[in-house]
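Residue numbers (our numbering), protein chains in the order written: chain R, 1 to 527; chain Z, 528 to 1054.
These are computed hints drawn from the structure, not numbers from a lab.
Fair warning: there could be bad hints in the mix.
List time: in silico DSS-like cross-link candidates among lysine-lysine, alpha-carbon distance up to 27 Å [stated by the list, open to error]:
#, chain 1, residue 1, chain 2, residue 2
1, Z, Lys1033, R, Lys521
2, R, Lys521, Z, Lys1054
3, Z, Lys548, Z, Lys867
4, R, Lys506, Z, Lys1033
5, R, Lys380, R, Lys279
6, R, Lys319, R, Lys256
7, R, Lys521, R, Lys63
8, Z, Lys813, R, Lys138
Protein chains: 2
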Amino acid sequence: MLTGKNYIGNKLSGEGNIFFKTFNPLLNEENNQVFVEASTKEIDEAVMLSAQAFKQYRNISGKDKAAFLNAIADETLALDDKLIQTYCSETGLPEARAIGERGRTIFQLRSFADLVAEGSWVDASIDTENPDRLPLPKPDLRKMTIPLGPVVVFGASNFPLAYSTAGGDTASALAAGCPVIVKSHPMHAGTGELVASAIIKAVQKTGMPNGVFSNLNSSGIDVGIQLVKHSEVKAIGFTGSIRGGRALFDLAAQRKEPIPVFAEMGSINPVVLLPQALKENKNLPKLYADSITLGTGQFCTNPGLLLGVKSDELTEFVKRLGEEIVQIEPSVMLHPNIAKAYHENENNAVAQSDVNVVANYTNNVKSNFAKQVVATALGKTFLKNPVLHQEVFGPYSLVVACEDVEELEAIISNLEGQLTGTIMAAEKEVTEYINIVEALQNRVGRIIYNGVPTGVEVCPSMVHGGPYPASTDSRFTAVGINAIKRWVRPFSYQNWPNELLPDELKDENPIQIIREVNGKKTTNEIK
Amino acid sequence: MLTGKNYIGNKLSGEGNIFFKTFNPLLNEENNQVFVEASTKEIDEAVMLSAQAFKQYRNISGKDKAAFLNAIADETLALDDKLIQTYCSETGLPEARAIGERGRTIFQLRSFADLVAEGSWVDASIDTENPDRLPLPKPDLRKMTIPLGPVVVFGASNFPLAYSTAGGDTASALAAGCPVIVKSHPMHAGTGELVASAIIKAVQKTGMPNGVFSNLNSSGIDVGIQLVKHSEVKAIGFTGSIRGGRALFDLAAQRKEPIPVFAEMGSINPVVLLPQALKENKNLPKLYADSITLGTGQFCTNPGLLLGVKSDELTEFVKRLGEEIVQIEPSVMLHPNIAKAYHENENNAVAQSDVNVVANYTNNVKSNFAKQVVATALGKTFLKNPVLHQEVFGPYSLVVACEDVEELEAIISNLEGQLTGTIMAAEKEVTEYINIVEALQNRVGRIIYNGVPTGVEVCPSMVHGGPYPASTDSRFTAVGINAIKRWVRPFSYQNWPNELLPDELKDENPIQIIREVNGKKTTNEIK
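With the hints as constraints, model all of the structure from the sequences given.
Here it is as structure tokens:
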């Protein structure tokens, strides 16, 4: 069923001369299938086909795009156990996770299908003319969003389904009316090819233009660089490391025509443990031991930094967190390279001056497994050492004991941008520590009350993004239906004849969407 | 009344050692007032004060921000004739234009006041919890937009009021909850200081925090560079040249923490003259002669490129456009430097191979006045010479005669991004030339039917922006209430206690805004 080739539009193609395999971290051996990296010619072919497809795809109705997205969901489900087994063999993640992530992917596809089938998402706005206005007549102006053009999606190592081939970036871009070229993640190229085959089946079954989707294999960084530099590519979606995301952002900004890059990058997701909460909430150590180790710590919302003010309760919390976390059975990481990076980054972090290891799973573990670690440092140590501010991707967390509330506020204000911030508080503590809460709010995209940052609900009110380097543009979200806004721009028609306007802007409102007409939201027609 | 000093928050300050004067282009002499450029220390002081003010200003209610914006409008009007006279002395523009532009500025301020007083602009969205959901409970998530932080505004040479000190960028940023630091335009530093004094009066009368607004003089590029590089600055608004805007965009992208730059830059605003329209519309030459020379051609929406297919009618149009345009009395440009640049760029354009001058106002004109010019070239000449694609800021336009419709489409597809595109068409011609129209739509932010691009209506359905280099981010507009979206980011609260939420997200909807609750737009409270 796997071929190891690229999809250049609907065509399987493998003309390149760089070959690679994926790796099963549980078995600690390579998988059998050989993949062939896309050649420069194939990359150009995919992009030019995509630009051609855009001319047709940008005008396809919301209902037809919805049918396409639902067909992708159906064909992905039809891959059945083959997909689940390939996913597990390329990630070491358990079957239940694979099935859960597939469910999330299907839900995302169908959410975007519903959004574009209904149609009001285009933010239609109409200001009717006033020919009698003085000193000049007021023209008729009508606005809606239109798609940017071909979008390149860089999949995530840690979400082979939900943030990769047919994941949130692809689903939102296709929903917006943009063709998509996926730079497939080398660690799960087989999962990627299977999902790509489902998308291509959906393209053909629903009559979408050839080139609306392509899937390009890559073993390193060259394919991605060529894609970002290509003049016909109009936007980039990326999920991954700060180094990778920033490199693509820089390339895109240096183009003759700079293009938007939405890169969702690293985060250490600070958690503030307020004094009374530490006293009252006896479940905190267990709650956080579980969150730190969930999915072997391989979530972008993993809590990597716990902040409190020095107290007996904080000392007790640290001790119990250590006891809880070493009781958890270590699990496998996605790939030997990720396990290696985890151990290097974790070793580097705990080797910094005045950092103490509280808990370290000391038994031997199998190859590619991660030992969970909790360390602690004083506020002043953290403040002066930027190494401690960096993400350690894996089951690691640093507890910082601040001298006082002022130091805690200084630490929060000096943090880089984060996806999330969490406040663990007893009643009235949020009011009492409002400066802390506001400082945290200013550094994050989502703030959580008495919970854990892991678990990103897919719903319209979710923000998955945040100030740099959580993302390269805090004005957008990668999760939820508003993720579509990354790929569209507003467009005005002035004095355009009614019969030539798109349905969304016609007087009679034929598709019955909510529009803003002369400043009022309404589904009424214009008479 | 003028001091020549900077406003560092509410304080007048002139500690620098670089001095300059503005210029009266009509009298061809310097104005009397000496201005002092902001020093590095003053720049830092303004930014740090702004960051401090943000902590308070970000939480100020919509109603209080509205009172502030309306007070700015009132205080600007109270400057009365002093403002109009200073404006005219620094620009050479006529009094009627000054009064009209002041009206536009006041309208913009009051539009943003109305927007934030009403409050629904924050895009509030609520997804209520479902504790019984399996496998995991669904959390309560609530989202709204929050301000980015201090915004630096670079005013435009050609709009000393509407796109400068208290112009659209400043009004939208203050409405969003962002403090503003204006890098005052050196050509109209006096107008800038007067308007700044009105803003400071409004700050004091409405009790806004000191530092919510600063106005910094600059004679060159140094002040702007320091501002864009300052770590406490969180976004940039700019109106001006491609060279200037791109330089700021590059600086902002190279920061450790890159920040959004919305630069509205140059445009040649292509106009497509379809064959039947050329036959039927005998008023075209007069209409376009007027539009090309309006405001001495100093509008970013000036029609610099007229495109048609070779025909007797096109030849006749070019001849008559030339006859019309030389009958118009030349007018003065904003500044000797702008007049000099116009003559250089215009001379360079018409000196290109195979470009023919159709009309050139040949009588002598006073210093700083611009002679209007119309030139013509074949499609193939235009296609191969990028110099002809560049904006000539002033009363200049190039008419391109294409060999056939295919060449016309190729030219449009190869254009850089534009603020506007215009189609002059007879009945049914839009349908007949749909490929031309769609190619044009793909390159512009606003498309106009049978009109002229000059004249940018301030209303919600206006898009003033477009693909690069019309702007640095086509996903936003600089004109109309949606300009506020450039300065805010979405923010989620998860499981946050109702009484601690901002009013916009509380169950009881105390300020009665439109919200999306579990996917439905409503003003209802949540029970």
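Would the pair R:Lys521 and Z:Lys1054 pass a check requiring their Cα atoms to be no farther apart than 27 Å? Answer holds: R:Lys521 to Z:Lys1054 is near 24 Å, not above 27 Å.
Just to be careful, I want the Cα atoms of R:Lys319 and R:Lys256 compared with a cutoff of 27 Å; is the pair within it? violated, 55 Å
When you check the alpha-carbon spacing of R:Lys506 and Z:Lys1033, does it fall within 27 Å? At roughly 36 Å apart (the allowed maximum being 27 Å), Z:Lys1033 and R:Lys506 break the hint.
CA of R:Lys521 to CA of R:Lys63, is that 27 Å or under? holds, 23 Å
Between Z:Lys548 and Z:Lys867, is the straight-line Cα distance small enough, at 27 Å or below? holds, 19 Å
Hey, Z:Lys1033 versus R:Lys521, does the alpha-carbon distance stay inside 27 Å? holds, 22 Å
For a C-alpha distance cap of 27 Å, please report whether Z:Lys813 and R:Lys138 respect it. The given pair, whose Cα atoms are some 21 Å apart, holds under the 27 Å limit.
R:Lys380 paired with R:Lys279 [C-alpha distance capped at 27 Å]: Status holds; Cα separation ~24 Å.
Hints 4 and 6 from the list above are not met by this structure, while the remaining hints are.
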